[in-house]
Every structure is written in C-alpha cells, then in structure tokens.
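> Sequence:
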Amino acid sequence: MRNVEIAKLFYEMADILEMKGVDWKPAAYRRAARSLEALSEDVEILAKENRLHDIPGIGEGLAAKINEYIKTGKMKEHDELLRSIPKDIVLLMQIPGMGPKKAKFLFQKLGIHSVGQLQKAAEQHKLAKLAGFGTKTEENILRGIRIFKTGHERMLLGRAYPLAMYIVKELQKKKEVGKISIAGSMRRMSQTVGDIDILITSQKPEPIMDTFTTLPEVQTVLAKGHTKSTVILTAGIQADVRVISEKSFGAAMQYFTGGKDHNISLRNIAIKKGYKLSEYGLFNKKTDVFVAGKTEEEVYNKLGLQYVEPEMRENKGEIELAAKGKLPKLVRQDDIKGDLHMHTTYSDGENSVREMVSTAVRLGYEYIAITDHSATQRIARGLEEERLRKLWKEIDKVQDEFPAIRIFKGSEVDIKADGSMDYSENILKELDIVVGSIHFGLKRDNTERTLRALTNKYVTIIGHPTGKRYGIRDPYTLDLSRIYCAARDAGKVLEIDGQPERTDLSDVNVHEAVKAGVHLVIDTDAHSVEQLRNYMRYGVGTARRGWATAADIINTLPLKKFEKVIRR
DNA sequence: GCCGTTTTCGGCCCGACTGTTTTCAGTCG
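Its first residue numbered 1, the first sequence is counted upward by one per residue in our numbering.
No lab work stands behind these hints: they were computed from the structure.
Be a bit skeptical, because a hint or two may be false.
Claimed, not checked - Just the calculated beta-carbon pair ranges, DEER-fashion:
no., residue 1, residue 2, range
1, 324, 116, 53 to 59 angstroms
2, 99, 123, 19 to 25 angstroms
3, 44, 79, 18 to 24 angstroms
4, 389, 326, 50 to 56 angstroms
5, 214, 326, 26 to 32 angstroms
6, 179, 79, 50 to 56 angstroms
7, 42, 135, 27 to 33 angstroms
8, 352, 516, 36 to 42 angstroms
Unchecked claim - Capping the alpha-carbon separation at 25 angstroms, the derived lysine-lysine pairs in BS3-like fashion look like this:
no., residue 1, residue 2
9, 87, 126
10, 286, 272
11, 87, 175
12, 74, 48
13, 286, 273
14, 48, 71
15, 25, 272
16, 393, 286
17, 326, 286
18, 272, 326
19, 173, 247
20, 272, 260
21, 74, 87
22, 561, 515
23, 126, 20
24, 302, 337
25, 273, 302
26, 457, 560
27, 429, 416
28, 71, 25
29, 149, 175
Just so it is clear, CB atoms sit at the ideal spot from N, CA and C, and this is done for glycine as well.
Working from the sequences, and respecting the hints, build out all of it.
Structure representation (structure tokens):
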C-alpha cells in the first residue's frame, strides 16, 4: 500500500503551488491526496488495472503522475517543484496563522525560509515594521511557532473524547445553553482528531463564551467572538465552540461534522437542485428563502438523500447509496450484548475478576469472556496451567454470585512464531473462547503464521489482527485479503480491538472485511473497569466507519444464539 | 487539475474572526 506515500507527495506539491500563487491546482491536488488517504483499495492495484480514474478527484493528469511514480519511483513535477523553492519554506505554512501569502511575502522581503529565521525576525521586531503587519501579527506568529513546535500532531480520539465531554459538562451548567453537541472528526469517530468542535444553541452567547475561554484547562485564547471562540487546551489540543440559532442547528451540525469532501459533494447537489447550503441552512438560491436547517435529517431529505450517519461521511460512496435509499443500517453501541476480550489481576489487568464482572453487569451485558494472557507472555504475567485452573475456580465462584451474566472461560493465547498456539490442545479444548493474538515477531511477514492459527479448531477469534499501535508501531506485514478469505471459510472471527491506540482492525480494514463477508467481534481488550466502560465506544465507532451492520458483529447476538455460534 | 441533468469551457463551498486597515485581505475550518 503506497496510498499514503503518494498522498504526501500531492500535499507537498499543493503547498508549493499555493506559495507560487497558482490558482485551483492546490485544491485539486489536496482533494486527490485526501481521496488516496481514504481509499480502501491499494492504489498500485488500481493503477495496474487501469482504474485510477475511479478515484474521486483523480483525472488524466494526476493519474499519469501516479503511474510515473509507481513505475519509476519518481515524480518529475514533484522534484521540480521541490527544487524551485528553499526546502523548509513549506514548513512555514504549517505554522498556525501563517499561510501562503505571508510565507511568500516574508521570503521576498526578508529572505525568511525557515522556522528558526522567522522566530528570530519576530523576536527582533522586524516583522511589525512591514506593510500589512503589526505588533499583534508578530505576537501571533511567535505564538504560532510555539504551537507548531510543541505537538501540532493529531490527538488520539480516546484521549480527546474525555476532554470534550468535560467541556460539554461544564458548559451545560450555564442556563444560557440550549442544545449542545460534539461535531467534527470526533463525531465521525475518526481514530485521531485535530481539534474538538462543540456546537451550542443559545439566545445569549456572551456568558457561554466567557465561561468557555476561562475554563482552567484553557492555555491560550486564540479567538473570542459572539458566534465562535477558539482556545488551545493545556492538553495540547485546540477546541472550538460555536453558537448557532435553534433553526440552524441541524445545518450547522451537518456542516461542522464534515468530512470536507462529503460536504463539498452535498453542496454541489444543493446547487444543482437550485439551493444554497451553508451552516445556517438550506436556502433557495434565487430567493434566499430558508428551506431547511433545524435538523440534519431535514437537510438530507430536502436534498433527496437518506440521513447519513456521521461515521459514514467520508465521500466513499455513501452519498450515492443515500440517493438510492440503500444505506446500510450501522451497528450501534446498544446492539452490543457482551465483551469477549479483557484482562484481570491474574495477568496484567488492574481489576479483579469480580470487579470486571460487576462492571459488565452494570453495562447491561448478557455475557463476557475473561481472557488473561497465556504462559509465554511473561511480562504480562501470563498464566501457566496451574494459575489458569485457579482462575477458572474463581470465575465459577463469581458466576454463582452474578447469575444474570454468563462468564465465559477464555484466554488470549499467544500465536507462536510458527503459527501454533501457546497452550496444549488439552487446555484449549476446555476453554470456551480462545482469542489468538500475535505479540512478538512483529517485524516480519505474519501472513502464514496467522493463516495457520486460523486452521486451529479451538481458536475462536484473532485478536488485534494487524498489530498496529498508533504512534508506536505500524501494522506488521500481512496479506489481509488472504486472511479475510481464510477466516470466512473457516468460520473464524476477526476482532475490532477498541483500545484507542489500536482500533485494530482499522476502519478501512473493517470495510474490506465486511465486503469479504467475514464475521467480526468488537472488544475492549480492557485492562481495567474504566476501559471496560469506555473503550467499547471506540470499537463501535471503528466498526461504523467500516460500514458494519449488527449482522456482521457476533457479539450483537443474544446469549443463546451466541453460544450456538461459538460452539460451532 | 478536475468535472459535467445548466456547461467539454469555465466554473470550482462559504462564512467568521483578526488585524490593520478606513473597506479589506489573509487565514481557518
């Protein structure tokens, strides 16, 4: 998969073209780059099959560039553009508050072509003297450099979500707040988010903005207005609050939830139907008369579309399906009847069997599986046979105490280097649920190893199938299309691990697996009651982003049916 | 550079906030 690699080239080219003052091309290159990133198919395969034109935003010119790059490892225009300007100058545009115009102007006037030079010039107050610049701009640039240097990377959804909930809770205390909701990539349950977007309805926004911009977690106020305020939180992420009128709330939710390309498509549909769509509503283009906007459903319906769930709004074919009324009915968190991957103090978990079970009961689950690590996982205090049997006795005891829930005896069993399992057949056959997982040997191709595990009749689930951990390691090499086929044919289940830095399978993987007809399970892989409560949300979000329905997910089955499936 | 039930040429989402400016350009989302 070189999709992301090629997308990066296009982003770079867009930045340089923008600095050069070229019209429209930058937007076209960026659109193509976003399409490539969101693509679930391998761009090299599409190129081989001459289907690059199927990718939205890719036409004659860009297809030729992709082909050139795949064949030769080079892209002539990219090389030429890089040569045409000093190397680091595009970095200047990534500083908040700096855009192509300022970067170009400062390069021409002062010869600034690196972040260091820019900082020096601002500190020596050389910028404020320039036409169109002032002391405020100078301060803003210095602040932008600080933000740029400390972490301009995106934040994991699982870290940002609790922060967003905290802000919502604090603002809800204000009597001026009507409706309040999260929007943006967080509402789309993207694995990482660039900022936190919160929408509010109110007649009297000033006191809300006062409270928001003075929360103790706020480090810097970037903007404060009647309808929009922006802050940087001490946690290192930006948060925006927007205040909207009641009648525009749905249109604003739609607008600020995005994604970008989904919205652009929607706007084009609006224009074709004689409307104009903005965050204030859907309007008749000629008369400016308000047509819809109170709810998102209303906006979609007026455009001749089914309501599209936020997690699907990535312009990956959902609009075409919505026009035909054929959107899939996505799995929901309250469809989930049990959690089949969790750890206790017997291995590397923080809570006892009893604590995990009582939490699961409160969550309303019908069943769970306790799946501590197998013997090889010494670091995680993996269980050898004697301690495993001791755990089973404890499970039996807790089971008697909580008859409302079925507790399965499970294990997260290591898949060894040769694809065999870390427990003997005698132990495996006594387990209700076996989650087979790879925890070492992550640098090699693990296709055959996983395929062999899939042939083991005692393996129920393959845990975190690609080994990816965001910001820690890439997925190991794996021919997933073979894994999907083998899992489907053997009646095995692939896991969507809800740990925020994993979400493994990923949204893109889930989409492929669902198309391939593989059964999936959504687990928390919880190492504490806290995670048991909170991580299912991220697993379900990932499943929904991959267009999974309840029928694709085995832990939506009620206990009786579920038992039948795993026994088979 | 892409794209087409207005168009194969001429459009390309749209509005808020800021700063520096007396009316608007730049940036952001």
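> Can you tell me whether the CB distance of residue 389 to residue 326 sits inside 50 to 56 angstroms?
holds (52 angstroms)
> Kindly confirm whether 50 to 56 angstroms is satisfied by the beta carbon distance between residue 179 and residue 79.
holds (51 angstroms)
> Is residue 25 close enough to residue 272, meaning Cα to Cα at most 25 angstroms?
holds (24 angstroms)
> Is the gap between the beta carbons of residue 214 and residue 326 within 26 to 32 angstroms?
violated (48 angstroms)
> Given the hint that residue 286 pairs with residue 272, does the C-alpha gap stay at or below 25 angstroms?
Given pair residue 286, residue 272 holds - Cα atoms ~13 angstroms apart, limit 25 angstroms.
> Is the straight-line distance between the alpha-carbon of residue 173 and that of residue 247 25 angstroms or less?
holds (22 angstroms)
> The hint says 19 to 25 angstroms between residue 99 and residue 123; measuring C-beta to C-beta, is that right?
holds (21 angstroms)
> Regarding the pair residue 272 and residue 260, is the alpha-carbon distance no greater than 25 angstroms?
Distance ~19 angstroms between residue 272 and residue 260 Cα, so the pair holds.
> Given the hinted pair residue 87 and residue 126, is their Cα-Cα distance within 25 angstroms?
holds (23 angstroms)
> Is 27 to 33 angstroms a correct range for the gap between the Cβ atoms of residue 42 and residue 135?
violated (52 angstroms)
> Verify the CB-CB distance for residue 324 and residue 116 against the hinted window 53 to 59 angstroms.
At 55 angstroms between Cβs, range holds.
> Run the distance test for residue 74 versus residue 48: straight-line Cα separation, threshold 25 angstroms.
holds (17 angstroms)
The structure fails hints 5, 7, 11, 16, 17, 24 and 29 (numbered hints given earlier, in ascending order).
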